[in-house]
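Participant: If you want the building blocks of each chain, they are given just below.
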Amino acid sequence: MNDPIEHGNAPAPTPSVASLIEAVLLISSRPVSLTTFLSIMALPEADIRAAIGELKGRYSPKSSGIVLREVAGGYQLATNPACAAAVERFREEARPGPLSGAAHEVLACVLYLGPLTRAGINAARGVNSDAVVRNLLDRNLLVEVGRDRESAGAPALLDITEDFLVAAGARSRDDFPALEALVDPEEITRIRERVSGGPDESPAQASYGGSE
Amino acid sequence: MKAEPEPQGRRALAAFTVELDVYSGPYEGLLSLILKHELEIFEVPLRELVSLYRSAYHAPGTQALGSGLERDADFVDSATSLVLLKGFALIPTPETEEEAGEEALAPQDLEERLVTYLKIRRGAEALGERFAKNAALYPSGHALRPRSRSLRVHPDRLAGAVRRAFLRTAEPEVGHLGPITVTVDELVGLIRTSLMRGPLSFEDLVRDMDRLRSAVAFAATLSLASEGQVNLSQDEPFGPLTLEPAE
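Note that the protein sequences, when read in sequence, are chains A and B. Residue numbering for the first sequence is 1 to 212, as defined by our numbering. Residue numbering for the second sequence is 1 to 247, as defined by our numbering.
Next up, chain A with everything else stripped away, as it sits in the complex (with noise of 0.2 Å):
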């Protein structure tokens, strides 16, 4: 069988700035930024952006198992959803069980109103939610990232992390849709007259609370 690197006595063939960003890409499991490509590979931004262009279309999704991501800030080669079982089958591990509903709320609450104490996300939810908390530290989903100094005894501010952008393909806090674009606008108005007593219903039947 020929050696794949074997050229003879032919000079190696100069590869081009796209084989480049896909052979750093493939030994990143970790996100790679524009700004990581230009600093390593000392090139015009607009050439690794064509290349980038030029790999997008190679893994294409619909040809390739392997897709060219753009998460984090950076880029990311992964496998092909659609090959998930067969990757999943050779790794011997099922799909790790999606997060808890109260786990996404407290997700939630600090992609949206974040960085946030641990107070604030308890206060915005309505439960106590230190040992979901907890769990997403455990899990790198969310981080401490400083100190509320106007709040009494200096806690902790929680923010979400590169993993977090990377488990939910978001390129950055930007790519997540707005609050009030996913509340239906009679949702927010029946809670009001619910509230303040509506014709039907009197204030004592508002409920509130994280769930479990």
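Just so you know, these hints were derived from the structure itself, not from any lab. These numbers were taken from a predicted model, which means no experiment stands behind them. Misleading hints may appear alongside valid ones.
Stated by the list, open to error - Within a straight-line C-alpha distance of at most 27 Å, the following computed DSS-like cross-link-like pairs (lysine-lysine) qualify:
{"id": "1", "chain 1": "B", "residue 1": "Lys133", "chain 2": "A", "residue 2": "Lys56"}
{"id": "2", "chain 1": "B", "residue 1": "Lys86", "chain 2": "B", "residue 2": "Lys36"}
{"id": "3", "chain 1": "B", "residue 1": "Lys133", "chain 2": "A", "residue 2": "Lys62"}
Said to hold, decoys possible - Here are a few chain A residues that sit away from chain B, every Cβ distance over 10 Å (derived from the structure):
{"id": "4", "residue": "Ala10"}
{"id": "5", "residue": "Ala18"}
{"id": "6", "residue": "Arg58"}
{"id": "7", "residue": "Ala124"}
{"id": "8", "residue": "Glu150"}
Note that CB positions come from ideal geometry on N, CA and C, so glycine has one too.
Fit chain B to the supplied structure of chain A, relying on the hints for placement.
Facilitator: Coordinates of chain B only, in the frame set by chain A:
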């Protein structure tokens, strides 16, 4: 999940075992872990627990397992306690006196909080869908070494780490303790001598000892076991502990 026939004289729920995502084993062990705070009550799906119990003892064809009434009562008692524990754990802890004395919310504030919560709820649902959609993408398995230029440590975290590194813990107050009149070596000798007559129950060993000697005897037992000189056996958590000379 399974339920085995209950031998006479044992605790009613001793045979009940559970298979949950967070725990697999005897139900009593699960309770013990929760009480010792080694397992978060949040992570224990109580509804699933009740379903497991019902399918173990109240599904068709399982009536033959034990008399049931005492066991059912014990289960209801413990499950109710778990519900209470979970309920208490979910109540936000007031962090300041001001917050502790907080009065009922004004309707406008309640309205604002409810609307915010509704938005968060919807955001969480969208996030859940997004996570599920991206769960099937597996990145390259090569983990990079941290890049020195991209290492960022917040000054507060660094200050905290330095403070912890140079912190000398205060000497614990020991004035209330009596003089230590027995050593591990003495008890090791005693255990070795006792074991020459055959297997020995730990309860028998410490029967006439005071608390200090009992504690040191336990340390001596563990020391001998870790050296491989003694085999320890205990059929169930908190059950009788038996010492046997190692082969």
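Participant: Compare the structure with each hint and give your call.
Facilitator: The hints, checked one at a time:
no. : hint                : in the structure
1   : B:Lys133 to A:Lys56 : holds (19 Å)
2   : B:Lys86 to B:Lys36  : holds (14 Å)
3   : B:Lys133 to A:Lys62 : holds (17 Å)
4   : Ala10               : holds (30 Å)
5   : Ala18               : holds (17 Å)
6   : Arg58               : holds (16 Å)
7   : Ala124              : violated (6 Å)
8   : Glu150              : holds (12 Å)
Taken one by one, the earlier hints fail for this structure only at number 7.
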